[in-house]
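K.L.:
Chains as they are written, first to last, in this note's numbering: chain A, 1 to 134; chain B, 1 to 134; chain C, 1 to 81; chain D, 1 to 81.
Any given hint could turn out to be false.
As the list claims (entries may be wrong) - Heads up, simulated DSSO-like pairs for lysine-lysine below, C-alpha to C-alpha not over 30 angstroms straight-line: (1) K116/A - K44/D; (2) K70/B - K116/A; (3) K44/C - K116/B.
Unchecked claim - Here are a few chain C residues that face chain B, going by a calculated C-beta distance under 10 angstroms: (4) G9; (5) L11; (6) I75.
No lab work stands behind these hints, which were simulated from the structure alone.
Backbone N, C-alpha and C fix where the C-beta goes; we use that ideal spot for every residue, glycine too.
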Amino acid sequence: MSATVRIIDGAIGDPAPVLPLDAQFGAAIVFDGVVRSDEGGRTIRALAYEVYEPMASNMLAELGREMLAKHGLVAIMVEHSRGEVPVGQRSFRLTVHALHRAEALAAVGEFIDRMKRDVPIWKTALHDSPPATS
Amino acid sequence: MSATVRIIDGAIGDPAPVLPLDAQFGAAIVFDGVVRSDEGGRTIRALAYEVYEPMASNMLAELGREMLAKHGLVAIMVEHSRGEVPVGQRSFRLTVHALHRAEALAAVGEFIDRMKRDVPIWKTALHDSPPATS
Amino acid sequence: MVFRVLIFGSLAREFSCASIAVDVPDNASVRDVNEALAVRYPHKSTFFRGARLAVNHSFRSADVPLRAGDEIALIELVGGG
Amino acid sequence: MVFRVLIFGSLAREFSCASIAVDVPDNASVRDVNEALAVRYPHKSTFFRGARLAVNHSFRSADVPLRAGDEIALIELVGGG
Chain A
1 MSATVRIIDG
11 AIGDPAPVLP
21 LDAQFGAAIV
31 FDGVVRSDEG
41 GRTIRALAYE
51 VYEPMASNML
61 AELGREMLAK
71 HGLVAIMVEH
81 SRGEVPVGQR
91 SFRLTVHALH
101 RAEALAAVGE
111 FIDRMKRDVP
121 IWKTALHDSP
131 PATS
Chain B
1 MSATVRIIDG
11 AIGDPAPVLP
21 LDAQFGAAIV
31 FDGVVRSDEG
41 GRTIRALAYE
51 VYEPMASNML
61 AELGREMLAK
71 HGLVAIMVEH
81 SRGEVPVGQR
91 SFRLTVHALH
101 RAEALAAVGE
111 FIDRMKRDVP
121 IWKTALHDSP
131 PATS
Chain C
1 MVFRVLIFGS
11 LAREFSCASI
21 AVDVPDNASV
31 RDVNEALAVR
41 YPHKSTFFRG
51 ARLAVNHSFR
61 SADVPLRAGD
71 EIALIELVGG
81 G
Chain D
1 MVFRVLIFGS
11 LAREFSCASI
21 AVDVPDNASV
31 RDVNEALAVR
41 YPHKSTFFRG
51 ARLAVNHSFR
61 SADVPLRAGD
71 EIALIELVGG
81 G
């Protein structure tokens with residue numbers, strides 16, 4: 001069982017770092033979070049992520065270990081961008097290996113919900129031009 | 001919006017066929033089903049999948065289109081093995097692109113549940129040696 | 001009319017064959033095939049009465065008459081993993 | 001004791017700064033810092049009273065006394081997307 005955290009400057013590369021498949025788990029999920037062009041009803045060109053370290057990495061690792069124990073996962077790996085990530089690029093990736101799909105899906109959903117609520121990472125929308133002022 | 005189905009002889013290769021990321025979706029999930037060494041409490045060397053075609057492909061495609069519409073997905077792609085897949089290898093891969101993670105996760109869970117219940121694919125455990133007979 | 005009902009998976013292994021022949025009257029429906037199977041194999045009659053049968057690769061209403069040459073397949077999945 | 005409370009995200013943009021200085025008595029706790037912020041910015045007093053403050057990169061009981069040099073950060077996420 002392992003929980004791994006990486007904070008990456010800018011967009012997260014493609015393809016996913018391949019964790020070796022093995023006969024111990026039956027389900028592997030890779031979840032990618034991608035910056036959408038539409039943020040709060042307005043077109044953006046990028047999101048900028050502010051990461052309060054080391055607290056953010058510590059909490060992500062702790063959350064990973066909690067998901068390992070609670071859902072009986074085999075492995076969990078989280079990657080999150082810091083700084084600017086252009087629209088259409090990946091800012092987050094969560095990889096989960098578990099015996100069965102139910103645990104894997106539950107862990108992915110719960111991890112992301114908890115991360116958004118608790119982990120000190122803030123995002124700011126960047127627009128092509130500043131909003132018009134009167 | 002697209003729904004794609006591929007039936008593959010033997011294990012499904014690595015890495016995932018990369019669907020291009022784009023700014024229209026915020027969440028991409030790749031789910032891998034891997035053959036575990038333990039099947040029904042007994043150690044196996046492989047699973048053999050029997051696929052009744054074209055019914056299986058038709059139903060997978062129909063199920064994909066249903067998930068697209070119901071969960072408002074951007075794209076869904078399903079790959080399933082036919083024939084023998086050794087322990088530790090991938091026999092199933094589902095790729096889902098959606099605006100948000102909730103739809104993506106719900107679609108993955110529902111697709112697999114429905115597939116296991118309805119789609120005419122049968123698996124047989126293959127053991128190293130036949131069970132002892134008296 | 002004689003139909004060869006295709007069978008798969010553990011059922012095919014149990015029967016050591018890939019299909020089961022059933023003889024049903026003309027204008028018989030899927031339901032009649034289920035019943036013929038149940039009568040022929042009384043030790044599995046509950047299973048055969050409830051089993052889903054596909055006709056020409058899709059499910060259809062159980063009382064539509066079959067036609068000679070229809071492909072019937074018994075789609076009963078064990079589910080799981 | 002004077003602490004510089006680190007702020008982030010939209011709050012930092014709203015205040016046009018990366019931290020807010022607060023002066024609290026010796027032996028003050030996290031709760032006292034929340035209160036000092038609320039008093040200092042009455043238009044956001046509800047927000048500051050309820051805001052989560054981390055001390056030296058972790059959350060702790062709100063009534064533990066602070067020590068000079070502790071790093072205090074306001075961890076209030078907007079959530080979403």
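K.L.:
Determine which of the earlier numbered hints do not hold for this structure and return their numbers in increasing order.
P.N.:
none
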